[in-house]
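Model the placement of chain B on the given structure of chain A, informed by the hints.
Residue numbers (our numbering), protein chains in the order written: chain A, 296 to 452; chain B, 275 to 924.
Please note that the accuracy of each hint is not assured.
Cut-off 20 Å, straight-line C-alpha distance, at most; resulting in silico cross-link-like pairs (PhoX-like, lysine-lysine) [to be verified]:
{"#": "1", "chain 1": "A", "residue 1": "Lys310", "chain 2": "B", "residue 2": "Lys568"}
{"#": "2", "chain 1": "A", "residue 1": "Lys340", "chain 2": "B", "residue 2": "Lys568"}
{"#": "3", "chain 1": "B", "residue 1": "Lys772", "chain 2": "A", "residue 2": "Lys399"}
{"#": "4", "chain 1": "B", "residue 1": "Lys884", "chain 2": "A", "residue 2": "Lys440"}
By construction, these hints were calculated from the structure, which means they are not laboratory data.
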Amino acid sequence: MTTPAKLSVEEILAKHPNAQRDHLIPILQEVQQAQGYLSEEAIIKIGEALKLSANKIFGVATFYNQFRFTPIGKFHIMLCRGTACHVKESQTILTALEELLQIKDGQTTSDGLFSIETVACMGACGLAPVVSINGEFYAQLTPSKLSAIIKKLREGK
Amino acid sequence: MFGSTATKPLAKEVEQAWQQLIKPILGQVKAKDEAQALAYLQRQEVPVPTFFVGAGTCGLAAGADQTILAIKNYLKEHNLQGEVVEVGCIGMCSAEPIMDIQLPGKARVSFQKMTADKVPALIDKVLAGAIPSENLIGQFKGPQTPWPNVGYFDEHPFFKDQTRWVLVNCGVTNPTSIEEYLARGGYQGLLTALLTMTPAQVCDEVEASGLRGRGGAGFPTGRKWKLVKQDDGQKYMICNADEGDPGAFMDRAVIESDPHRMLEGLMIAAYAIGATKAYVYIRAEYPLAIVHLKQAIAQAQEMGILGEHVCGTKFHLDIIIKMGAGAFVCGEETALMHSIEGKRGMPRPRPPYPAVAGLFGRPTAINNVETLANIANIIRYGAKWFTQVGTEKSKGTKVFALSGRVCRTGLVEIPMGMSIRNIIENIGGGIENGKQFKAVQFGGPSGGCISAANLDLAIDYESLKSVGAMVGSGGMVVMDETTCMVDIARFFMDFIQKESCGKCTPCREGTRSMLTILTNICHGLKDDKGRDLPFEGLDHLERLGKAIKDASLCGLGQSASNPVLSTLRWFREEYESHIKQRKCPAHACTSLLTFSIDPHKCVGCGVCKKACPVQAITGDLKKPHVIDPLKCIRCRACYNHCKIKAVKMD
Chain A
296 MTTPAKLSVE
306 EILAKHPNAQ
316 RDHLIPILQE
326 VQQAQGYLSE
336 EAIIKIGEAL
346 KLSANKIFGV
356 ATFYNQFRFT
366 PIGKFHIMLC
376 RGTACHVKES
386 QTILTALEEL
396 LQIKDGQTTS
406 DGLFSIETVA
416 CMGACGLAPV
426 VSINGEFYAQ
436 LTPSKLSAII
446 KKLREGK
Chain B
275 MFGSTATKPL
285 AKEVEQAWQQ
295 LIKPILGQVK
305 AKDEAQALAY
315 LQRQEVPVPT
325 FFVGAGTCGL
335 AAGADQTILA
345 IKNYLKEHNL
355 QGEVVEVGCI
365 GMCSAEPIMD
375 IQLPGKARVS
385 FQKMTADKVP
395 ALIDKVLAGA
405 IPSENLIGQF
415 KGPQTPWPNV
425 GYFDEHPFFK
435 DQTRWVLVNC
445 GVTNPTSIEE
455 YLARGGYQGL
465 LTALLTMTPA
475 QVCDEVEASG
485 LRGRGGAGFP
495 TGRKWKLVKQ
505 DDGQKYMICN
515 ADEGDPGAFM
525 DRAVIESDPH
535 RMLEGLMIAA
545 YAIGATKAYV
555 YIRAEYPLAI
565 VHLKQAIAQA
575 QEMGILGEHV
585 CGTKFHLDII
595 IKMGAGAFVC
605 GEETALMHSI
615 EGKRGMPRPR
625 PPYPAVAGLF
635 GRPTAINNVE
645 TLANIANIIR
655 YGAKWFTQVG
665 TEKSKGTKVF
675 ALSGRVCRTG
685 LVEIPMGMSI
695 RNIIENIGGG
705 IENGKQFKAV
715 QFGGPSGGCI
725 SAANLDLAID
735 YESLKSVGAM
745 VGSGGMVVMD
755 ETTCMVDIAR
765 FFMDFIQKES
775 CGKCTPCREG
785 TRSMLTILTN
795 ICHGLKDDKG
805 RDLPFEGLDH
815 LERLGKAIKD
825 ASLCGLGQSA
835 SNPVLSTLRW
845 FREEYESHIK
855 QRKCPAHACT
865 SLLTFSIDPH
875 KCVGCGVCKK
885 ACPVQAITGD
895 LKKPHVIDPL
905 KCIRCRACYN
915 HCKIKAVKMD
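Just chain A, with the same shape it has in the complex (with noise of 0.2 Å):
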């Protein structure tokens, strides 16, 4: 999947044009593809245009489990736990990487190099236990298996 070029939030602003409030959540969503997190700034801007408090939009936007409020590591590690991973011992997968990366889930590590994001379920069930790093899809994961792939990221591949 190709990534899209960096929009700031004016310039994502201005393709909702008379926005309202049913357009908030689509631009939280943009904002966040662009820069990888929502700030306060960015928040306190689009409250602006569409004339709603930077408390409402907080309200809402930390409703939701995707929104994030600090900087993601260069490799994002999002960690299924649905039914089907979690019968296939996807904890334990959890729990390694937590002990391997020294952070835990919703963190990032010190470097900026790795964050961890537990989802519900990605849908892969079928290749259960399921890890996705920057959209990339690992499957039928071991800890040994995940350890030896944050190894080949961590020396660059």
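Coordinates of chain B only, in the frame set by chain A:
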């Protein structure tokens, strides 16, 4: 097996309108005449060797992108003419990557587990005129010459008992080609509705078919449409593609692999209720499905099948895609509508029902993807055709996402009324690694489990309800003797707790309390001196479960205690073992487990030390090794690797 064997002549005006759509397309195909052009589009015949690769999310996760590259490289290196077609999910996920080869004049043959390294050797053999038995799934039936001594695809145990109506094109056709969809009779349902039926007649036909909502609630679809208030103002049609149930991926596969089928159903539904604007609310975790859906909508618009004057009629329809933002509760219809409106996805009490006041306060009908994917066929072939399959109260087929501890995981579409045992043992191939079946969870975190005692139950909405389970959206997670049912109940409650919107006290506080109890059961509760402490257990759990069910505002809360009550009903002894003996019979609850190495058995080979992902094992070569209990994450790597069973798990 593949598609229906129904034949019903089209009304004259429908035939004419469909010809108007297909003729310009046939003109673009390089063929000797229109008949051959149609045959090429339908892939009944191919002009050059054609290679199909399953490139849905599952296929890509298994390495299909490398397979595609390998085929393209082969053609380049050998200077051969050939076409590579990326298709969607045929459904046999555990066999991915799946690669089909169709040579001109011969039947299409399907191969499994075709990773890039196996590609050149296979193509060599097939081009030389031989079909190897290694990696073979089977050949497709059709007008082409069959390969001698090669089994048929639809006789493979995974496919033999399926009735593929919704999944007919998945993994077979190119999902990014509206031309291929049309060539196989696509949009004939829509044309039949628009040109020969009134909206009221469409509703009647769907009601007569007995189709019930496939999202889980099972509400009669035709009746739902009829409830949409007759109103001269704006009305909305919504497709719920939020598929939040962990373990369910039917809707993902349909939208990735055959988006036009869903769109056609959505358009017919919009016509039936008089909506001129439709939304598809699709979860953001399905990026490939979103891409294919956007393409399909653009293609339909370009051909005049969508937009002003749909297919030249007075019917006008716009379709807008809205992406979810990671909230399971937004699968609930009122929460979903709030999310579309740009608000927090919190449900509200009903009445008023969406049919009276829904999106933006207007009359709205909302249907699941699979429900809509059935509509085109019902209109095309008639309600009576649909009722031939299924049970008395549950007509038609249901797509299930079979996963967990079965040999063959994936999507299966079966007629309602098939036994659960048939799906797990024949289609799924039984439990993997020779283990024992324990339970199968239907309906994800809102559903219930079926134990071995009820394996012969015939699947339909009523029969599963009678044993405390439900058909649900289609997730079917199979568990074996190594799965702890208490842990599963805790896992679901953890999920529900995180996804609770927080609005109503019974759900918000009740699920939190239930989760604390379940966590204590799974982890034990100790004081600071390491002594076992008592805690509130099963009686309290059952009372809470009932209270949450009765008092919660929406379906999420009302069904939150289902997995707990269901596992308590069929696996009470397991709960009691955790509480009374502080032991997990399935050896799954890691807090109740300890790993140690028997110094008398250990030969110091170091295999376990190497296998440990957190370096918790120390020991010199040929000397007994030791596990540090503080570092041990209980991943079992050492237990699994030790060939002489010196590692003890208790």
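Okay, the hints, checked on the actual structure:
1. Lys310/A x Lys568/B: 18 Å, holds
2. Lys340/A x Lys568/B: Distance ~28 Å between Lys340/A and Lys568/B Cα, so the pair is violated.
3. Lys772/B x Lys399/A: Holds - the C-alpha atoms of Lys399/A and Lys772/B are around 17 Å apart, at most 20 Å.
4. Lys884/B x Lys440/A: 13 Å, holds
Checked against the numbered hints listed earlier, the structure breaks hint 2 alone; every other hint is satisfied.
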